[in-house]
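One-letter residues, chain by chain:
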Amino acid sequence: MEALIYLIPAALFLGLLGLGAFLWALKSGQFEDLQGAAERILYDDDDEEPAPKQKDDADHKP
Amino acid sequence: MGQVTTAEAKLVAGGGAAKGEDRATTALPGEGKEVVLFVENMRCGGCLRGIERALNALPSVATARANLTTKRVRVTGKAGTPSTEALVAALAEAGYTARPFDTRLIETDEEGRRLLRALGVSGFAAANVMLLSVAVWAGLASDMDYATRGLFHWISALIAMPAVAYAGQPFFTSALQAIRHRRLNMDVPISLAVILATSVSLYQTVRGADDVYFDASVTLLFFLLIGRYLDHLVRAKARDAAQNLLLLRATGATVVGADGSLQFLPVERIAAGMTVLVAAGEQLPVDGVVAEGQSSMDTALITGESLPATVTPGDKVFAGTVNLAEPLRIQVTQVGEGTLLAEIARIMEAAEQNRSRYVRMADRAARYYSPGVHLLALIAFVGWIVAGAAWQDALMIAAAVLIITCPCALALAVPVVQVVAASRLLRQGILMKSADALERLAEIDCAVFDKTGTLTRGELQLIDDQDLNDSELAAAAAMAANSKHPLARALVRAAQQRLGSVTAATDVVELPGRGLSRSLPEGEARLGSAAWLGLDQGRESDSPELWFARPGQPPIRFAFEDALRDDATQALQDLAKRGVPAEILSGDRFGAVRSAATALSVERFAAEQGPAAKIARLECLEKEGRLPLMVGDGLNDAPALAAAHASMSPSSAADISQTAADFIFQGSHLSPVLEALDVARRSRALAVQNFILAGVYNVVAIPLAMAGYVTPLIAALAMSSSSIVVTLNALRLRSSRDPS
Numbered sequence: 001m002e003a004l005i006y007l008i009p010a011a012l013f014l015g016l017l018g019l020g021a022f023l024w025a026l027k028s029g030q031f032e033d034l035q036g037a038a039e040r041i042l043y044d045d046d047d048e049e050p051a052p053k054q055k056d057d058a059d060h061k062p
Numbered sequence: 001m002g003q004v005t006t007a008e009a010k011l012v013a014g015g016g017a018a019k020g021e022d023r024a025t026t027a028l029p030g031e032g033k034e035v036v037l038f039v040e041n042m043r044c045g046g047c048l049r050g051i052e053r054a055l056n057a058l059p060s061v062a063t064a065r066a067n068l069t070t071k072r073v074r075v076t077g078k079a080g081t082p083s084t085e086a087l088v089a090a091l092a093e094a095g096y097t098a099r100p101f102d103t104r105l106i107e108t109d110e111e112g113r114r115l116l117r118a119l120g121v122s123g124f125a126a127a128n129v130m131l132l133s134v135a136v137w138a139g140l141a142s143d144m145d146y147a148t149r150g151l152f153h154w155i156s157a158l159i160a161m162p163a164v165a166y167a168g169q170p171f172f173t174s175a176l177q178a179i180r181h182r183r184l185n186m187d188v189p190i191s192l193a194v195i196l197a198t199s200v201s202l203y204q205t206v207r208g209a210d211d212v213y214f215d216a217s218v219t220l221l222f223f224l225l226i227g228r229y230l231d232h233l234v235r236a237k238a239r240d241a242a243q244n245l246l247l248l249r250a251t252g253a254t255v256v257g258a259d260g261s262l263q264f265l266p267v268e269r270i271a272a273g274m275t276v277l278v279a280a281g282e283q284l285p286v287d288g289v290v291a292e293g294q295s296s297m298d299t300a301l302i303t304g305e306s307l308p309a310t311v312t313p314g315d316k317v318f319a320g321t322v323n324l325a326e327p328l329r330i331q332v333t334q335v336g337e338g339t340l341l342a343e344i345a346r347i348m349e350a351a352e353q354n355r356s357r358y359v360r361m362a363d364r365a366a367r368y369y370s371p372g373v374h375l376l377a378l379i380a381f382v383g384w385i386v387a388g389a390a391w392q393d394a395l396m397i398a399a400a401v402l403i404i405t406c407p408c409a410l411a412l413a414v415p416v417v418q419v420v421a422a423s424r425l426l427r428q429g430i431l432m433k434s435a436d437a438l439e440r441l442a443e444i445d446c447a448v449f450d451k452t453g454t455l456t457r458g459e460l461q462l463i464d465d466q467d468l469n470d471s472e473l474a475a476a477a478a479m480a481a482n483s484k485h486p487l488a489r490a491l492v493r494a495a496q497q498r499l500g501s502v503t504a505a506t507d508v509v510e511l512p513g514r515g516l517s518r519s520l521p522e523g524e525a526r527l528g529s530a531a532w533l534g535l536d537q538g539r540e541s542d543s544p545e546l547w548f549a550r551p552g553q554p555p556i557r558f559a560f561e562d563a564l565r566d567d568a569t570q571a572l573q574d575l576a577k578r579g580v581p582a583e584i585l586s587g588d589r590f591g592a593v594r595s596a597a598t599a600l601s602v603e604r605f606a607a608e609q610g611p612a613a614k615i616a617r618l619e620c621l622e623k624e625g626r627l628p629l630m631v632g633d634g635l636n637d638a639p640a641l642a643a644a645h646a647s648m649s650p651s652s653a654a655d656i657s658q659t660a661a662d663f664i665f666q667g668s669h670l671s672p673v674l675e676a677l678d679v680a681r682r683s684r685a686l687a688v689q690n691f692i693l694a695g696v697y698n699v700v701a702i703p704l705a706m707a708g709y710v711t712p713l714i715a716a717l718a719m720s721s722s723s724i725v726v727t728l729n730a731l732r733l734r735s736s737r738d739p740s
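Protein chains in written order, with our numbering: chain F, 1 to 62; chain C, 1 to 740.
Certain hints may be false.
Derived EDC-like pairs: lysine to aspartate or glutamate, alpha-carbon spacing no greater than 16 Å straight-line [as the list claims (entries may be wrong)]:
1. Lys237/C <-> Glu2/F
2. Lys237/C <-> Asp44/F
3. Lys27/F <-> Glu110/C
4. Lys27/F <-> Asp109/C
5. Lys27/F <-> Glu111/C
Negatives, chain C to chain F, calculated, CB over 12 Å [to be verified]:
6. Ala165
7. Arg364
8. Leu378
9. Val386
10. Ala394
11. Glu619
12. Val725
These are calculated hints, taken from the structure and not from any lab test. Where a beta carbon is used, it is the ideal one built from N, C-alpha and C, also for glycine.
Bound-form chain F, shown alone (with noise of 0.2 Å):
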């Protein structure tokens, strides 16, 4: 029963980590735009310059 006295502080620390982390992202806005977060991450624009114009043509396009 000893193993309790870590065991349980340890469970809830890492709960309220995550409980920490969900209402981080919701205050920094990660919950507005579900729909569009799931498109984001097919799309790489770390690199600064455009990409090749192919690529663009193979976007759809309304």
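Please build the complex by placing chain C on the supplied structure of chain F, with the hints as guidance.
Frame of chain F, contents of chain C only:
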């Protein structure tokens, strides 16, 4: 979308055709550094990326962030507010149509965030308390000692109490409001169950008793918050859709100054007595009297008539009509509140009162459910006291009754059905604009259709063109290409289809109300009305027509019709099969309505109906105990759309009609009406099934709870399993096949 307030009507009264970007240049006070644009055709991740790229490439833009869910882009400038015209132009070049929003009118979704925060907190608490509870339940059967159990209860209490105090707030505030208004809603028994269970458990913990209900109260909150959040999601989506429509309408007009100077002013700064210039193709933003010029006005959206009316100086013109031929100068008589459009908005508002009294199925059920549950808990409490139990035990049993009867079928399953239904409809191009619309649509038992633009395509087409030879058609179309009159445009379209291309003829003069004249070397060619060509046959033609006369040749007649939508007959038949007879209420002439009714084999029809007459007919139907569905697109349908039990508009409808309708469907077919009806009815069937499931569950569980056999473990199992069963049942809507 609740009702169109007068403030919204004012916005709507602005009309749609004037260019939105001009409006933004006359910057209104209170606008910050940020510009929000609504991009109508933002549909996928590719669009999202294309839009952000196009905007970020502009030197004046610091950041551009697109939101695919709301179809809005937030743009911040490097120095001051970025120029809206530049942004709109950049997007237009990339292939997107953007329109600016008035940022002051955009609300943030604070309610949604609050619910999500509560959901996170209750989820954390539920998981951790359950962890401890499972250990306690296991320990009851094996070797957990008294002290350890006490410690676990205390830890549970420390987690559950702040969590309940925080995450329970959405329910507590709503319950308090209901009690203050001397009503009972679903949140009253929920709040009572949660508060009672938590406080009795605390007492038990202090006392060192075996059974505590902390896990039940936090999991109850967690489940119910999921339902509450889903419900909010449907409402927020519906509200955004309505807002997107509404906010686009803030427009303006070109005002002619005393010195002849032209200035573009937003509609709220236009006053009676000013003169505005309305170019060909523009929609009138105000009511007025024609001061100068002669033109044809397309009044289809106002009256439902498919043919334009001719106006000359001195004639009254109304906001919402479209100037087709020549520029007009119009003396403004009324603006905003005083316009015909605002008048229609007022009739609409009155008509909508009827609908706002509608009570949702879950709330109706709660009216009977809540008092029943309270009564049962009270009986259990009093009964056990009388039977000689300690008051703590009696209270514990009463709390168990409240927990076990938790209305999860109402509070969780109904929102799940609605979320699934709304997303299914959206995939079919049907936009749901109000959260309770689905329930109302499921109840309708007759349908009223407008003709022009709803049953028909709202576009004139040339008929019997087999008899015409190509050269005649080409010659007439070459003249017609110079005009914006619907008949002329229909002629050009027909010629393009048959001949490939049409070259516009030169030296053509348009005489509004008569036709087109072209001077040829051998004389004058005329394309226009029979009267103007001197061909009065003494009878009024049933269908719209144009006559074409060339020097030395017999006149030729072009007849037009407003063709029915391809599947109109089929759709009405299918509706009848579902027990929904249709009728037609149109503002058009009798002959035109009769021929459409005959073609569709609809027995009941009425022609030349104004907005008030349409409402009267709907009221008459409602007096007979029928619940009508209104499908219409014109401005004259808007009040009827608001008055009907449920309503739908095609996406080509007048702005104000789209604002009034519950559903907006896209495409050139009527089948979305059927699809929406089927989804609505299926949702209702699932909701009823869930009520029955919940009923069966309660019949079994309540006697057990009242008899005191429900331990915290049984309560937790029963509650979770009933919630999961109703939710899984609700999700069946997603997998059910298309009935058609």
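Check whether the Cα positions of Lys237/C and Asp44/F lie no farther apart than 16 Å. Distance of about 29 Å is beyond 16 Å: violated.
Confirm or reject the statement that Arg364/C sits farther than 12 Å, beta carbon to beta carbon, from all of chain F. Correct as stated: the minimum Cβ-Cβ distance to chain F is 32 Å, above 12 Å.
Would you mind confirming whether the straight-line C-alpha gap from Lys27/F to Asp109/C stays at or under 16 Å? 12 Å, holds
Hey, does Glu619/C actually stay past 12 Å from chain F on C-beta? Correct as stated: the minimum Cβ-Cβ distance to chain F is 41 Å, above 12 Å.
12 Å cut-off, C-beta based - Val386/C kept clear of every residue in chain F: 42 Å, holds
Was Ala394/C rightly flagged as not at the interface, with every chain F Cβ beyond 12 Å? 33 Å, holds
If we take the beta carbon of Val725/C, is the closest beta carbon in chain F still more than 12 Å away? 27 Å, holds
Just to be careful, I want the Cα atoms of Lys237/C and Glu2/F compared with a cutoff of 16 Å; is the pair within it? 52 Å, violated
Against the 16 Å threshold, does the CA-CA distance of Lys27/F and Glu111/C hold or violate the hint? 13 Å, holds
Test the statement that Leu378/C is away from the interface with chain F: the closest C-beta pair must be farther apart than 12 Å. 37 Å, holds
Please work out if Lys27/F and Glu110/C have their alpha carbons no farther apart than 16 Å. OK: Lys27/F and Glu110/C at ~11 Å, within 16 Å.
Claimed clearance of chain F by Ala165/C, with the beta carbon kept past 12 Å: 15 Å, holds
The structure is inconsistent with the numbered hints 1, 2, although it conforms to all the rest.
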